[in-house]
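A.B. asks: Each chain, letter by letter, is given below.
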Amino acid sequence: MDISVLLFYGLSFIVLCFALAVVVSNNPVYSAFYLAITMVSLAFVYFILQAYFIAGVQLIVYAGAVMVLFVMVLMMFDLKKEKDSFSKGRMSNFLKVSSVGWLWGLIAGAIYMSSDLLSMGATLHNKDGVGTTTKDLAKLLYTDYIFAFELLGLLLLLIAVGAVAVSRIKGGTHA
Amino acid sequence: MLNFESLAAIGLNHYLIVSAALFCIGMVGVLVRRNVLVILMSIELMLNAVNLSFVAFSHFSQNINGQVMVFFVMTIAAAEAGVGLAIAVTIFKRFKEVNISFFEQLKG
Amino acid sequence: MGSDLFEISVNLIKMIIIFVMMVQLVPLLVWVERRGSAFIQNRLGPNRIGPLGLTQLLADAVKFIFKEEFIPEKTKKFIFYAAPVVSLIPAALAFGAIPLSMPINIEAFTMFGESYGPYRFAFQSFELGIGIVFVLGISSLGPYAMLMAGWASNNKYSLLGALRACAQSISYELALGLSIVGVLLLYGTFDFSEMIAAQQGPLNFMWFGKEVTLGFLPNWGIFYQPLGAIIFLTAVFAETNRTPFDLPEAEAELVAGYHTEYSGLKMNMFYIGEYGHMMAASALMAVFYFGGYDIPFVTAEDVNAGVTWFGQAIDPLLTTVASWAPFVGDSLAEALGFSANKAAIGTAFVFHIAMFAKILFFLWVFVWVRWTIPRFRYDQLMDLGWKTMLPWALFNTIITAIVIFIMRTNWS
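Residue numbers (the working numbering), protein chains in the order written: chain A, 1 to 175; chain B, 1001 to 1108; chain C, 2001 to 2412.
Among the hints, erroneous ones may be present.
Below, a sample of chain B positions facing chain A; criterion: calculated Cβ distance under 7 Å [unchecked claim]:
(1) Ala1020
(2) Leu1031
(3) Arg1034
(4) Val1038
(5) Gln1067
(6) Met1069
(7) Ala1079
Quick caveat, the hints were computed from the structure, so don't treat them as lab data.
For glycine and all other residues, C-beta sits at the position ideal for the given N, C-alpha and C.
Start from the sequences, fold in the hints, and give me the full structure.
C.D. replies: See the structure below:
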């Protein structure tokens, strides 16, 4: 038994349990805290997958910024215990959950049956000789993906303007 | 069928199955929850599941392109959360309501 | 962690020692804070218990432990208890990732008849290639503790304090991150050790493709990134919620901010978290802009030679005294005898003292500023963060990139 195997099982157990808790929890503030824990444990999964920069960005962006925003907004709302936090209709809910369960079963089955293909594909793709360090990531981002990267910057600018515009609406029909 | 050797040697499959499970949990959240903010959080879960599979593919095929995609997904997710929260806050300030079924009644 | 039992146990002990070092520095800092404030305000400060009031800390600690544990009704119990612990984690992890001295290279040696291979021990809790990103990510988890405390207390002052603290941390994180980008461009690495290695020796830079050396200045980051250093220091003040940015705890408006309902040891843990953040920030300041453990105009070889000379000078005395001991005299003399490994350890400790002097200096700056500058108003705080510091940090990043490109290109 290797330590990384234990780490993988432990971390994926934590990730899945807290992800489930996000969905099941009745209080949205607790949901947000659980999601934050999920994000942090996912960052550690990225660590054991040797994607160090992505792990750091996950900590900074998701756990540090997005989830803090969620928690802050929820605390500002200060919701008391919700009456109808789940959708009504026992039958429809059962159908929803079971169909998603079927979907997971299908995906897992497909992965299990194509495991040979997956391992073969893993050896096929590495032909362009690009390394896997953060420097290589940066190089790729600023050469091959430069157009997408610039578009992303534009998108972020638009989003910033849009978010400020939306939250400054005073109410009423005539904005 | 299920042999323990494959359980002890962590490969791409294990990560993909965890990722699929995470995605499905997020999907259940989107389908059954009524609170807008919890639905947004469930969408974040789904995006994270996709990120996990990207990073796993990138690690096991030694190809950094997957991590570039994760980078993009994270940025989009942050932007989406920002706008979603701004809209939720605006509606809450006006109507004191976060239930998604209420949102159907909003008009132009 | 290590390949054999010796290395693993040394690394574990090292982790514990660095954590304990951080926690044990807190009472000392509280003393410095109180005496320093008294000094600045022309008072005496705590001076009754022990010499210079130094054992006041002990009395305080005892008081904190034996205080009645009062928890208001209608709190969310679990989160209320968890918040102080959570506040401790980011500071401790961030401080552990920063190298406090040069790594110790131990050559092969024999102990108790067994030989141990050559080792390299880094003078930090754990070594990560992506030091800065990790520290930024971990310290961005800090707001959770405040939010948890504020929300679980079920008190409007706590909640307001928590929301303020959180908004402030998020706002200043941008300026903080951008001010570091200049440093990253300069050294081209995320790794703290490489960063410090790049700051050794005299000031040495490229001037339109030609190398220029100025012997009278150390090669520290502050001379390349003065604006970045100022922005970083200011943003760090805001991140650690210290005056002039202590809006979350503004006593006059919010009773005590997010920890209004806390008392005793739990309150103390918030303090340890805050001071831990200050220590990590001071260490980062030293690493980025003041050469880390670098001693100006002195190389590692010089220090090693000095330590070796000192060790050899006291070696005969030590071994003679040790050999007088009954029964174990010979082995004790052997253990105390001088060797190259001990010189390496001594060198690392000399550099550690240099690093620590820098950290203590910046901690004193924290205290100094707190008792000198009044508090901002909340809108002024946000204006400063978004309208002044963020544009200047962006400007600093762009200018640094352009200057580095121009200076490092060979134009001839």
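A.B. asks: Hint by hint, say whether it matches the structure.
C.D. replies: Here's how the hints hold up against the structure:
no., hint, result
1, Ala1020, "holds, 4 Å"
2, Leu1031, "holds, 4 Å"
3, Arg1034, "holds, 6 Å"
4, Val1038, "holds, 5 Å"
5, Gln1067, "holds, 5 Å"
6, Met1069, "violated, 9 Å"
7, Ala1079, "holds, 4 Å"
Consistency with the previously given hints fails for number 6 only.
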